[in-house]
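Enquirer: The residues making up each chain are set out below.
There are 2 protein chains.
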Amino acid sequence: MSEAVTTQAAGATIGDSEFDRDTAVTERAPGVYDTELSAGWTIINAVNGGYLLAVLGRALAHALPHPDPFTISAHYLTASRPGPAVVRTEVARTGRTLSTGQASLFQYDEDGREVERIRVLATYGDLDALPDDVRTAAKPPAIPPMEQCFGPQDGPAPVPGSSAITDRLMLKLDPATLGWALGSPSGKGEMRAWFGLADGRDHDPLSLLLAVDALPPTAFELGVKGWVPTVELTVHVRCRPAPGPLRVSTTTRNFAGGFLEEDAEVWDSADRLVAQSRQLARVKLG
Amino acid sequence: MSEAVTTQAAGATIGDSEFDRDTAVTERAPGVYDTELSAGWTIINAVNGGYLLAVLGRALAHALPHPDPFTISAHYLTASRPGPAVVRTEVARTGRTLSTGQASLFQYDEDGREVERIRVLATYGDLDALPDDVRTAAKPPAIPPMEQCFGPQDGPAPVPGSSAITDRLMLKLDPATLGWALGSPSGKGEMRAWFGLADGRDHDPLSLLLAVDALPPTAFELGVKGWVPTVELTVHVRCRPAPGPLRVSTTTRNFAGGFLEEDAEVWDSADRLVAQSRQLARVKLG
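Heads up: the sequence lines are chains A and B, in that order.
The first sequence begins at 1 in full-length UniProt numbering and counts up one residue at a time.
The second sequence begins at 1 in full-length UniProt numbering and counts up one residue at a time.
Wrong hints could be hidden among the right ones.
Dumping the calculated SDA-like pairs for lysine to any residue here, alpha-carbon to alpha-carbon at most 25 Å [as the list claims (entries may be wrong)]:
id, chain 1, residue 1, chain 2, residue 2
1, B, K188, A, A137
2, B, K225, A, A129
3, B, K284, A, A92
4, A, K225, B, A129
5, A, K188, B, D174
6, A, K139, B, A138
7, B, K284, B, A181
8, A, K284, A, D263
It should be emphasised that the hints constitute simulated quantities derived from the structure, not laboratory data.
Owing to the predicted nature of the structure, the values given are computational and were not obtained by experimental measurement.
This is chain A alone, in the form it adopts within the complex (with noise of 0.2 Å):
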């Protein structure tokens, strides 16, 4: 893995990045948090879902007694803008190892009123307590050396719809799940890429629910052209990802009656599954 660890751009670190930065929330009153949604992490004009994702994962993180999310589920109600947000928490129940708690985060309209866009559940723990037996069945992503791969800038434009994301990402598709982009969509709504962030910034659970909600959809692979918004994502952190980049396999196999699921699986640079998420999406053919 070293050579591909060296690609990266080096700088920034967890806790000190664009990233970090981007997702901090700043306590108002107890469990009511302040944060400010970037523009940079949207893809044409909508906010990421994954980016959304961690931001709300951060206020919880803080509310919670424990510090890691191992599983959470998000329901998206309305669609994000950037500007202001404020994240409103409850805790439902702490335990020794696992608390569970709820979060929601609101926008205003034209009059100032809140407008929930997204609701969480999510139950926290901590990852570096967890013992360390890995039975995992599971194999790595088959997926070309980071150099055979390619992102939004190799280029005229291999990948269409380059948005302010892109800048913030390092990705690098599988030419094998690239088709779409060449007008000759696999058919098979499989995606597989090396995910990082451009700054060099390892990652941790945060970044993780970021990295589920990165690649490209794959219902391109499928041949539809739209738009693919999430109803809902769950997402499992496994384990605490090693240092270097990660690799991220999407697959959907049930695309029916206007919906969707997307599985992904994010794999780190020890070959460590750290995070498997789900989600349901609709079609809305463009």
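Add chain B to chain A, keeping to what the hints say.
Expert: Just chain B now, with coordinates in the frame of chain A:
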């Protein structure tokens, strides 16, 4: 499929069956529902998590303007017991095609105080209003005909630990995933079964919430002997199931750090993938 269908007992119907009576809720005040958790859906002394989810799902179907759970995420806080319970619901957002709500199930401690058992976020819609396009890439599980599969009723305890719930289910396990019951688990983390209700009631979206959590834990096929309590369970219901028994397949790919995920797929007699679920469970070795 006609052979399989005719092996089910006849009589009960959707709306008039044990499952319907045992998941019934009575509105006491706007959005607040009384219910009685039945001892009939317990395994050892634990109330089945899918049955509990169906009770919450029924309350939300009443509280929300849409009838069917499209995606429902449950976080399990404390262990439920048979007996009285109250479900408190809250509407988060209502839209034209989807609405989102929240529900909590409470029971009472020795002093009569409410103790929260489960908290749920769910987005509901109308399955009958969906377009009928199906581009499902997944294939139904390969499972032998029902008469070659085994349930708790077959012979001298091929499936140990039978409990009240086994009398209410028609559960026939694929012999290839029954090694654990014979002392030689496959090591594969897979379980497959035919699934129905013992009184012959056909399936609806609420009984699919039961179906995803009714098989023995896949962990048994990994050689785990112990308790595998659910931390969080999310179910996507994708289609109203056709009459007749279901095929349920469950898999575990990431058993590590004392936790595992378990994915379920539920197929109906018309070969439609009608529900998908994923849960995070904790492994408590016996």
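Enquirer: Does each hint fit the structure? Answer for all of them.
Expert: Hints, one by one, checked against the model:
1. B/K188 x A/A137: This hinted pair holds, its Cα atoms lying about 8 Å apart.
2. B/K225 x A/A129: holds (23 Å)
3. B/K284 x A/A92: holds (23 Å)
4. A/K225 x B/A129: holds (23 Å)
5. A/K188 x B/D174: violated (29 Å)
6. A/K139 x B/A138: holds (19 Å)
7. B/K284 x B/A181: holds (19 Å)
8. A/K284 x A/D263: holds (19 Å)
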